[in-house]
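Going down the list, the sequences are from chains A and B.
If you read the first sequence in the numbering used here, its first letter stands for residue 1, the second for the next number, and so on.
If you read the second sequence in the numbering used here, its first letter stands for residue 267, the second for the next number, and so on.
It is possible that some hints are incorrect.
Claimed, not checked - Listed below are several chain B residues computed to face chain A (Cβ distance under 7 Å; list not exhaustive): (1) 290; (2) 292; (3) 300; (4) 388; (5) 389; (6) 465; (7) 466.
Stated by the list, open to error - Chain B is nowhere near these chain A residues, computed Cβ spacing over 10 Å in every case: (8) 15; (9) 31; (10) 34; (11) 60; (12) 128; (13) 189; (14) 209.
Derived from the structure by calculation, the hints contain no laboratory data.
Glycine residues also receive a C-beta, built at the ideal position from the N, C-alpha and C atoms.
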Amino acid sequence: MAAAEVTTPKHPASGRTITVKVKRQRTPDAAAVTETFAIPYRPNMNITSVLGEIALNPTTTEGKGTTPIAYDANCLEEICGSCAMLINGKAMMACSALVDKLTGPDGNGAITLAPLSKFPVVRDLAVDRSVLFENLKRVKAWVPVDGTYDLGPAPRQFPQVQEQRYPLSNCISCTICMEVCPQFNDATGFVGAATIAQAKLFNMDPSGAVLKEERLRALAGGGGVQECSFAQNCVQACPKQLPLTEAISDMGRDVFVQQVKDFFRR
Amino acid sequence: MAAAAPVAPPDNAQASGQQTGKRKGVQPLRAGEGHSFLLRRLHSLSGIVPIGAFLVEHIVSNFEAVNGPLAYAQQVKFLNGLPLVRVLEWAFIFIPLAYHALYGVYIGLRGRGNVNVYPWAGNWGYFTQRITGYIAFAYIIQHVWRQRFSGVSLPEHPGAAFHKVQVELHNPWMLAIYVIAMIATCWHFAYGIWLFAAKWGITPGNKARKQFGYVCAAVGTGLCVLGLIGMYAFISPKYANAPDDVMPAQPAGIVLPAPTTAAPGTTNPKQLGEVR
Numbered sequence: 001m002a003a004a005e006v007t008t009p010k011h012p013a014s015g016r017t018i019t020v021k022v023k024r025q026r027t028p029d030a031a032a033v034t035e036t037f038a039i040p041y042r043p044n045m046n047i048t049s050v051l052g053e054i055a056l057n058p059t060t061t062e063g064k065g066t067t068p069i070a071y072d073a074n075c076l077e078e079i080c081g082s083c084a085m086l087i088n089g090k091a092m093m094a095c096s097a098l099v100d101k102l103t104g105p106d107g108n109g110a111i112t113l114a115p116l117s118k119f120p121v122v123r124d125l126a127v128d129r130s131v132l133f134e135n136l137k138r139v140k141a142w143v144p145v146d147g148t149y150d151l152g153p154a155p156r157q158f159p160q161v162q163e164q165r166y167p168l169s170n171c172i173s174c175t176i177c178m179e180v181c182p183q184f185n186d187a188t189g190f191v192g193a194a195t196i197a198q199a200k201l202f203n204m205d206p207s208g209a210v211l212k213e214e215r216l217r218a219l220a221g222g223g224g225v226q227e228c229s230f231a232q233n234c235v236q237a238c239p240k241q242l243p244l245t246e247a248i249s250d251m252g253r254d255v256f257v258q259q260v261k262d263f264f265r266r
Numbered sequence: 267m268a269a270a271a272p273v274a275p276p277d278n279a280q281a282s283g284q285q286t287g288k289r290k291g292v293q294p295l296r297a298g299e300g301h302s303f304l305l306r307r308l309h310s311l312s313g314i315v316p317i318g319a320f321l322v323e324h325i326v327s328n329f330e331a332v333n334g335p336l337a338y339a340q341q342v343k344f345l346n347g348l349p350l351v352r353v354l355e356w357a358f359i360f361i362p363l364a365y366h367a368l369y370g371v372y373i374g375l376r377g378r379g380n381v382n383v384y385p386w387a388g389n390w391g392y393f394t395q396r397i398t399g400y401i402a403f404a405y406i407i408q409h410v411w412r413q414r415f416s417g418v419s420l421p422e423h424p425g426a427a428f429h430k431v432q433v434e435l436h437n438p439w440m441l442a443i444y445v446i447a448m449i450a451t452c453w454h455f456a457y458g459i460w461l462f463a464a465k466w467g468i469t470p471g472n473k474a475r476k477q478f479g480y481v482c483a484a485v486g487t488g489l490c491v492l493g494l495i496g497m498y499a500f501i502s503p504k505y506a507n508a509p510d511d512v513m514p515a516q517p518a519g520i521v522l523p524a525p526t527t528a529a530p531g532t533t534n535p536k537q538l539g540e541v542r
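Bound-form chain A, shown alone (with noise of 0.2 Å):
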């Protein structure tokens, strides 16, 4: 502790640190280690907060001078859905945990900090998580207006539809349904709920709802819907409470009957 006392600007705290221990690598392709940070303890602060500690003194608790640690992140409000990573081994939004939750119940215990699981990872915490972006596009989440002339007002929406609609509009694509779910992993390339939820959003969209069947031929191909074991991790960790059990169960029946339609008419 000695050298670190030289190191470490002292902060005018209560006093009270918190050990943060960070699993790092350096370059995709690199071998992660962990580097251990004590950082100075102040009421109401997230896991955000904490990493800016360690950006303003990256320093760890051997002495040793290190980089910022590099993670996704924009709104810091849990909605832009980029700092998902491992907080003491859960997925969760660095910028909503909160260290007072994290610290166990005599306050003192250490944070562990780890990219996801189930993506590459590009640096430290942050990680490649474009296999979500390429779900929807593949089951075209999306509802299609874009011509070369005005296409005129939207169809009129019942408040009934729109209520059942929001809940599904509120994700923020963080992929930790998918890091959750047991059945989202190399073995099986599960499309994972959060891309289910949305084909389900689009296809209840008055305009979007002439790719439907689209969706849901496409959500029948490997790794769709037919994957899901419903262990329902995802409904239980999504950060926005999205009902994304329910949509699964919703698309499972749709995709059922539309490939028992195509199974005669086709």
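Dock chain B against chain A, hints included.
Frame of chain A; chain B shown alone:
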């Protein structure tokens, strides 16, 4: 003008996709490709009908053991007397069961259970469904081999059924295996009905799923209790040391009526001797 340096790591799809043909990490949806939807739904359906239906029939039939060796023998004789019984057996029991078991193991091996990290009820259900499936798989292999395809052949000797099971269950190790397998199988079936309703979109809402969960729990518990009571009949003192065979042999093919002549050595001409 010099080319601008890349500001971010190259896109995964372009970076590794063009060079190796495969992205890093989990692969995206193979939209509309393959037959896994059909195979997976067939697996789900086969667990309800015919396998689940057979499980109910099997447990209800075995419950007949409560009424003793002869009643049990008559139940076995009735089932083996169904038209096209061997076709029924293969088409509605063995083949679907083999498919459900093998595809189920395939599903199980491709999952990455994480109940140690996320110990939530649904995740326990996911884990338990796989464990009970493996238990049922191992149990059914030995059960079918030892009770159906080895030892005295019950389709021709339904009268020997009670004794055959009784001998099996008098081994305490086998009894333990049977009890564990009964609980595991009923759990697997009951939770399987619940999963079926959830996956096929029959119970999409949270409330519907929760309430149907109670129904499935009741069905599973009832079935399990029925099975365990039926099992107890074989080891209860009431039918201790049941006869080897309580009924004439039932040979396949054309069966002549039982002889009406008194067997040698009998004193009552109306009471026929045992016909072998």
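Taking the hints in turn, this is what the structure says about them:
{"no.": "1", "hint": "290", "in the structure": "4 Å, holds"}
{"no.": "2", "hint": "292", "in the structure": "6 Å, holds"}
{"no.": "3", "hint": "300", "in the structure": "4 Å, holds"}
{"no.": "4", "hint": "388", "in the structure": "3 Å, holds"}
{"no.": "5", "hint": "389", "in the structure": "5 Å, holds"}
{"no.": "6", "hint": "465", "in the structure": "5 Å, holds"}
{"no.": "7", "hint": "466", "in the structure": "6 Å, holds"}
{"no.": "8", "hint": "15", "in the structure": "33 Å, holds"}
{"no.": "9", "hint": "31", "in the structure": "16 Å, holds"}
{"no.": "10", "hint": "34", "in the structure": "18 Å, holds"}
{"no.": "11", "hint": "60", "in the structure": "25 Å, holds"}
{"no.": "12", "hint": "128", "in the structure": "5 Å, violated"}
{"no.": "13", "hint": "189", "in the structure": "4 Å, violated"}
{"no.": "14", "hint": "209", "in the structure": "18 Å, holds"}
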